[in-house]
Amino acid sequence: MISQATIQTILHRIDIIDVVGAFVKLKKRGANYMGLCPFHNEKSPSFTVSGTKEIYKCFGCGKSGNAINFVMEHEKYSYVEAIRWLGQRYQVEIEETEVSPEVKARQQMADSLFIINNFARDYFVKTLFETDEGQNVGLSYFEERGFSEEIVRKFQLGYALNLREAFVREAQHKGYNLEYLQKTGLVTVRNDQPIDNYRGRVIFPIHNQSGKVLGFGARILVKSDRAPKYINSPENDIYVKSKVLYGTYFARHAIDKLDECLLVEGYTDVISLHQAGIENVVASSGTSLTTDQLRLIKKYTNNLTILYDGDNAGVKAALRGLDMAIEEGLNVKLALIPDNEDPDSYVRKIGAEGFRQFIADNKQDFVLFKLHVSMKEAGNDTTRKSQLVNEIAETIARIDKVEDFTRQQDYIRQCSQLLKIDEERLVDLVNKFIRERLSKQALNEQNSNKKKGGFDAPPPDDGPSLAEMYPEYFPDGAEAPAASTENIFNTSERQERELIKILLRFGDKLFDDEQQTTVADYIFHLPYDFESLSENEIVKRILREYKEHYDQGSIPDKKLFLYHPDNDVARNVAIILEDKEAELSAAWRERFEIKTVYGDDAFRRDTVSTTNYLIIRKIQKLIAENQQEMQTATDFEAQIRCLEMDKHLKQIMKELTETVGTVIFK
Numbered sequence: 001m002i003s004q005a006t007i008q009t010i011l012h013r014i015d016i017i018d019v020v021g022a023f024v025k026l027k028k029r030g031a032n033y034m035g036l037c038p039f040h041n042e043k044s045p046s047f048t049v050s051g052t053k054e055i056y057k058c059f060g061c062g063k064s065g066n067a068i069n070f071v072m073e074h075e076k077y078s079y080v081e082a083i084r085w086l087g088q089r090y091q092v093e094i095e096e097t098e099v100s101p102e103v104k105a106r107q108q109m110a111d112s113l114f115i116i117n118n119f120a121r122d123y124f125v126k127t128l129f130e131t132d133e134g135q136n137v138g139l140s141y142f143e144e145r146g147f148s149e150e151i152v153r154k155f156q157l158g159y160a161l162n163l164r165e166a167f168v169r170e171a172q173h174k175g176y177n178l179e180y181l182q183k184t185g186l187v188t189v190r191n192d193q194p195i196d197n198y199r200g201r202v203i204f205p206i207h208n209q210s211g212k213v214l215g216f217g218a219r220i221l222v223k224s225d226r227a228p229k230y231i232n233s234p235e236n237d238i239y240v241k242s243k244v245l246y247g248t249y250f251a252r253h254a255i256d257k258l259d260e261c262l263l264v265e266g267y268t269d270v271i272s273l274h275q276a277g278i279e280n281v282v283a284s285s286g287t288s289l290t291t292d293q294l295r296l297i298k299k300y301t302n303n304l305t306i307l308y309d310g311d312n313a314g315v316k317a318a319l320r321g322l323d324m325a326i327e328e329g330l331n332v333k334l335a336l337i338p339d340n341e342d343p344d345s346y347v348r349k350i351g352a353e354g355f356r357q358f359i360a361d362n363k364q365d366f367v368l369f370k371l372h373v374s375m376k377e378a379g380n381d382t383t384r385k386s387q388l389v390n391e392i393a394e395t396i397a398r399i400d401k402v403e404d405f406t407r408q409q410d411y412i413r414q415c416s417q418l419l420k421i422d423e424e425r426l427v428d429l430v431n432k433f434i435r436e437r438l439s440k441q442a443l444n445e446q447n448s449n450k451k452k453g454g455f456d457a458p459p460p461d462d463g464p465s466l467a468e469m470y471p472e473y474f475p476d477g478a479e480a481p482a483a484s485t486e487n488i489f490n491t492s493e494r495q496e497r498e499l500i501k502i503l504l505r506f507g508d509k510l511f512d513d514e515q516q517t518t519v520a521d522y523i524f525h526l527p528y529d530f531e532s533l534s535e536n537e538i539v540k541r542i543l544r545e546y547k548e549h550y551d552q553g554s555i556p557d558k559k560l561f562l563y564h565p566d567n568d569v570a571r572n573v574a575i576i577l578e579d580k581e582a583e584l585s586a587a588w589r590e591r592f593e594i595k596t597v598y599g600d601d602a603f604r605r606d607t608v609s610t611t612n613y614l615i616i617r618k619i620q621k622l623i624a625e626n627q628q629e630m631q632t633a634t635d636f637e638a639q640i641r642c643l644e645m646d647k648h649l650k651q652i653m654k655e656l657t658e659t660v661g662t663v664i665f666k
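Per my numbering, the very first residue in the sequence shown carries number 1; after that it's consecutive.
There may be inaccurate statements among the hints.
Said to hold, decoys possible - The calculated SDA-like cross-link candidates involving lysine to any residue, where the alpha carbons are at most 20 angstroms apart (straight line), are: (1) 333 x 260; (2) 299 x 74; (3) 223 x 145; (4) 299 x 399; (5) 53 x 18; (6) 647 x 628; (7) 547 x 628; (8) 57 x 8; (9) 57 x 88; (10) 257 x 298; (11) 57 x 72; (12) 420 x 439.
To be verified - Pairwise CB distance ranges, derived in the manner of DEER restraints: (13) 368 x 94: 47 to 55 angstroms; (14) 30 x 357: 23 to 31 angstroms; (15) 421 x 357: 34 to 42 angstroms; (16) 132 x 189: 24 to 32 angstroms; (17) 338 x 221: 23 to 31 angstroms; (18) 227 x 351: 34 to 42 angstroms; (19) 405 x 122: 46 to 54 angstroms; (20) 292 x 94: 25 to 33 angstroms.
Think of the hints as simulated: they come from the structure by calculation, not from any bench.
Cβ atoms here follow ideal geometry from the backbone N, Cα and C, with glycine treated the same way.
Based on the provided sequences and hints, a complete structural model is requested.
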């Protein structure tokens with residue numbers, strides 16, 4: 001693990017203008033810098049970088065964050081990979097802390113496999129270009145496929161000599177461990193003799209998102225009934241086939257910019273399309289799509305277009321990934337390549353522009369395509385048609401994002417017309433599947449919370465239930481699980497955001513000049529626990545971690561949270577620091593502000609206003625909850641307890657409002 005001292009050193013040296021400027025041409029405009037957004041296509045710059053706030057924000061596509069987020073987003077690195085990249089850029093030696101023997105062993109195994117794969121890649125490339133057999137057999141094959149030397153070198157294609165021990169002898173001569181060589185699949189052992197596994201084959205390295213070689217695909221060049229056409233690396237500590245898409249490393253920027261991912265089946269399809277200038281393409285390597293692969297695509301775009309052969313096998317392969325893709329929130333289209341063609345042959349036949357136009361003209365909506373295919377298969381079979389209605393309703397029910405509601409209704413209308421059934425019947429069926437899924441999710445979340453020893457979080461006091469948000473799904477007004485939202489902040493949490501902003505921006509500033517107390521001193525010495533007063537989990541976490549540092553005698557720098565290893569914390573801190581709407585309204589300032597003697601410093605007034613608002617709001621909520629409990633209490637003792645609690649809470653409110661110079665609101 002990278003030591004905290006190393007991370008802190010890197011954080012203090014980070015210059016977001018320098019980091020972003022390594023990838024984007026920036027021009028100074030006022031206090032900030034502007035450039036063309038690297039995450040989507042635009043002609044006029046809407047991408048802003050603030051050196052003082054240490055954040056970037058695109059007003060076109062909405063992406064924002066800090067320097068580490070930028071490196072992670074742009075290069076598709078993990079947090080650790082981004083830290084290593086920044087350490088190298090700022091010449092900071094990476095110091096690693098001790099980890100458990102098990103973790104250390106896994107790390108060493110992964111590192112060893114990556115090192116061997118890199119050696120093998122370089123060996124196969126050298127063999128392809130610098131040996132007679134490599135040039136006459138391997139390079140000739142790639143030339144016959146129409147691949148230029150530039151594209152061959154770009155994808156680091158190679159060749160394995162048709163000799164039993166050529167690679168393994170070289171690898172062992174270089175000191176590589178035979179056990180690890182076997183684990184990568186490069187070498188196999190027969191009769192106690194190690195031999196090359198990929199001999200006489202052209203080699204396709206398989207990269208992860210950051211360009212490291214995870215494994216290889218090896219294609220035989222002569223027809224053989226005994227040998228498979230392709231051999232792929234076995235799964236190991238670094239290569240899990242279901243989590244990898246071929247070509248992701250080379251396609252990631254194009255997918256980002258074009259906001260669309262093209263999915264094909266094979267290695268050569270990807271390479272041919274790249275050579276034609278169509279770079280937003282990856283391959284599933286002939287396997288059915290998995291959830292992990294779909295989530296990998298979603299890191300770059302929500303728009304997926306599947307390009308498969310037009311034969312029955314291609315159609316069925318495409319349909320297998322439909323429901324999973326929809327459930328992951330992807331907008332899925334399908335373009336079937338004409339019979340006897342594949343993307344590789346077809347792009348060479350009609351050219352890049354013709355191929356782009358073919359996709360634009362022929363991509364079909366996946367749900368409607370599935371319906372057409374299934375209706376054709378069902379024919380006049382009544383039982384099969386009834387089953388088909390249920391299948392389509394369940395598929396449509398997976399489209400559950402609020403912003404996709406209109407799209408869902410369009411599917412219901414079109415599918416009911418094609419199936420020749422009553423639209424209301426299909427609506428009822430879709431809603432049935434939605435209710436079943438929501439109930440199942442709620443039960444799973446409840447069980448998960450119990451396993452963690454936690455409590456079910458109460459719904460926000462001003463947040464609508466699913467029944468209120470989607471009355472068409474719950475016509476009887478039945479209770480529904482609390483609605484989730486992608487935006488972690490609701491309206492009632494503005495002051496919680498403001499409290500975090502005050503602590504991060506002004507925590508170390510003097511609040512009282514005479515007593516030499518800071519803003520953090522004032523907040524944490526009030527007789528209220530603001531973590532417990534807050535309702536948002538991210539806010540709670542930031543407050544908890546901030547107070548831990550405070551209790552140890554230090555006021556943490558905002559960078560500690562702006563560059564937090566948890567991306568959710570870092571992203572939301574960037575939003576909080578950038579958000580201008582979080583500040584209190586003038587009315588709240590007047591209602592909950594102490595008439596202080598601290599001058600006109602805005603941060604002092606904001607501190608008092610915000611803390612008092614949160615305290616009074618919480619007490620008001622407790623009073624309301626207690627009064628509701630009192631109304632439903634059935635026995636005398638419970639009513640007495642509620643009356644005493646009501647009196648106690650109102651006394652606290654009276655004392656507090658007298659202290660801060662406000663009145664209680666009816």
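Q: Identify every previously stated hint that the structure contradicts and give their numbers, smallest first.
A: Going through the list in order, the structure violates hints 7, 8, 9, 12 and 14 and respects the others.
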